[in-house]
Amino acid sequence: MKIAQPTRLLRDSGHLLLTVAPGALCIVAFLVLPSLYLMGMAFLSNGPYGLPTLPLSLQAFRELAGFGFLGWSPGNLYTLLRSVWQTLLATVLVILIAYPSAYYIASRPSRYRALLLLAVVVPSWTNQVIRSVGWMNLFAPGTPVSNLAAALGFTAPPMGLFPSQFAVIVGLVYNFLPFMVLPLYAAFERLDFTQIEAAQDLFARPFAVFWHAVLPQTLPGLMAGTVLVAIPAFGMYVVTELLGGGKASMIGNLVARQFAQASNWPLGAAGALIMIVVTLIGLRVLRQLGRRLGGDREVVL
Amino acid sequence: MHGLFTPDFDLASANQPAADTRRASSIHVENLHRSFGADVALDGISLTVNPGEFFTLLGPSGCGKTTLLRLLAGLDEPDTGRIEMGGAAMAGVPPHQRSVNTVFQSYALFPHRDVRGNIAFGLEMRSWSASRVEGKINEIAGLIGIFDLLDRRVDQLSGGQRQRVALARALVNEPDVLLLDEPLSALDAGLRSRLQVELKRLQRQLGMTFVFVTHDQEEAMVMSDRIAVFNQGRVIQIGTPQEIYEQPHEQFVAQFMGHQNFVPITGRDEFGIDTLLGHFAGQFNPGDLLLLRPEALRLNTSSHESCHSFMANVDECLYRGGLTEYRLISGGLSLVAMAANQGGASYQPGERVEVTVSPSGMATLYH
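Line order of the protein sequences matches chains Z and L. Counting in our numbering, the first sequence runs without a single skipped number right up to 305 at its last residue. Counting in our numbering, the second sequence runs without a single skipped number right up to 529 at its last residue.
No lab work stands behind these hints, which were simulated from the structure alone. The reader is advised that the hints may include incorrect statements.
[Claimed, not checked] For lysine to any residue, the following SDA-like pairs were computed, each having C-alpha atoms within a straight-line distance of at most 25 Å:
id : chain 1 : residue 1 : chain 2 : residue 2
1  : L       : Lys298    : Z       : Ala212
2  : L       : Lys298    : Z       : Trp89
3  : L       : Lys362    : L       : Pro213
4  : L       : Lys298    : L       : Glu239
5  : L       : Lys362    : L       : Gln409
6  : L       : Lys298    : Z       : Arg209
7  : Z       : Lys251    : Z       : Trp89
[As the list claims (entries may be wrong)] Partner residues are not named here, just some residues of chain L that face chain Z (Cβ under 7 Å, in silico):
id : residue
8  : Leu237
9  : Ala253
10 : Pro257
11 : Asn263
12 : Thr264
13 : Ala270
14 : His274
15 : Met287
16 : Arg288
17 : Trp290
18 : Cys479
All C-beta atoms in this analysis are idealised placements derived from N, C-alpha and C, irrespective of residue type, glycine included.
Could you build the full structure based on these sequences and the hints that come with them?
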């Protein structure tokens, strides 16, 4: 017995290693190494043809911070702040729409639920570009929606609703709604209604019932949804490119531009690095928030 | 685990100012109807609960007793009918405006709050100051004996502990009426019978109106001042435990209370009734069945003048510790007799015995 135990442990861990290795190798080869390469690139100099070369320098970060040939300009900083702001705004709007939607779906008879969920999910099977072009057509000058907006005084008549920051936000919300509805729906489906009744019974008014009995129960779904929405939204490229028309570009567009048009790979890499850092900070804040709201319990992200 | 009361606990002691201001509420319910689709949960319920009474709704599952409790709590509204509490009509009054609290069957504790946070909930919702909340929690925790649990998380509690916390969370609000929805059904038998006694004592000392739901007739008898027996959305009988057990109006009630000896009445004249066991002389209430209580059947004892007697064969003899249960056959009927084991004779299967029963051991009822 005493000898059998360690050999068994060895065999088990060998087995484990064998089963995990292919996946781990894939991740290392196709995610970790390229990411490290990209990060390393941010610390190189920009060569004459836009390719990174030695020596090591922080030039890319200086440029990212706005120091260029013509002195300092706040453009990139604005882009970063705009990215954060548009991400937050879109995420909050997605939450506000997804909460009642998910609750509504979860409270239908079970035979309708699959259908309603499908209705939420099916649009996301279509390509992002095509859906964005759809919004472009809806919001372009002269369309009924734009005319209505003009008649109500939201826009000047010839302008249309697109391209604009408004169109970008609509596009982001529309794009990421399913990623919030699905985890929230899963949370609502498991909702313990007696906790809600207990809160009502203990003198909680409707909002307090939501805050103390519904929110804590759906918090894991909300957190998962927020991660699924906020991170890709922060790096969004297509929607801003098509619907923003340069008026609402985000850090994803900045990065893409460096690789595609401006031929400044180190600057693009530096932008990508900043994206990762901001994302990690966001996750950290989210985790703290989850703990605070969840009564010190770890809400798994 | 402490008991609900420390031995020297005295409700009249100085740190109980709330006891004076608490007013137990009466409940008056009139002709309540509630249906869920085709299911009729309540089919014309009328009853009155007196202030300070321990009132039990007893019945099989699905009989509407929990629905009535939810209507009283305000968690559901009746289709038609009236609910009054303390003289005030409750129609349209939302649960958070009723001085009623509920101990839920599943306890429904908030898992993201610790025990203290759970108990504090109702007080916080009524905007009590933190210091008052703290004092009140300590008071109720001492009363219910959960002082050492206050900082625990809910998922660290046993079933019995959860039950006490749920009770504390409701009682701390000092409601006019406390509703309890099968609060003991999830507990094991020993703990359950202990908590029955403690709950009853607590209710008596607080003088609060308790409405208690259970499907367990023994629990109902032990705890209640009065019992309402429910079946299929209707109240079949309301009475004290003794009335319900000894003078059930219908066979359903009698069966639910554990009775098995039903003797069909075949005829009736001015001297008494004819049954399958022979003629029973005396005054009997109307009814088509004669109920013989098993503990009132005596075997081979010298009979009094007023007692009825008949012959029976012992079919089975089951020793139950304090009691012996005899299965008897007489007149084609099978009867059960319970005899206290007091050192008297015992009878074996196949023996022929004379069974006597006094008038107080009998009741007539409807099928």
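Hints versus structure:
no. : hint                : in the structure
1   : Lys298/L / Ala212/Z : holds (22 Å)
2   : Lys298/L / Trp89/Z  : violated (46 Å)
3   : Lys362/L / Pro213/L : holds (15 Å)
4   : Lys298/L / Glu239/L : violated (32 Å)
5   : Lys362/L / Gln409/L : holds (24 Å)
6   : Lys298/L / Arg209/Z : holds (22 Å)
7   : Lys251/Z / Trp89/Z  : holds (14 Å)
8   : Leu237              : holds (5 Å)
9   : Ala253              : violated (17 Å)
10  : Pro257              : holds (4 Å)
11  : Asn263              : holds (6 Å)
12  : Thr264              : holds (5 Å)
13  : Ala270              : holds (4 Å)
14  : His274              : holds (4 Å)
15  : Met287              : holds (4 Å)
16  : Arg288              : holds (5 Å)
17  : Trp290              : violated (11 Å)
18  : Cys479              : violated (47 Å)
Consistency with the previously given hints fails for numbers 2, 4, 9, 17, 18, ordered from lowest to highest.
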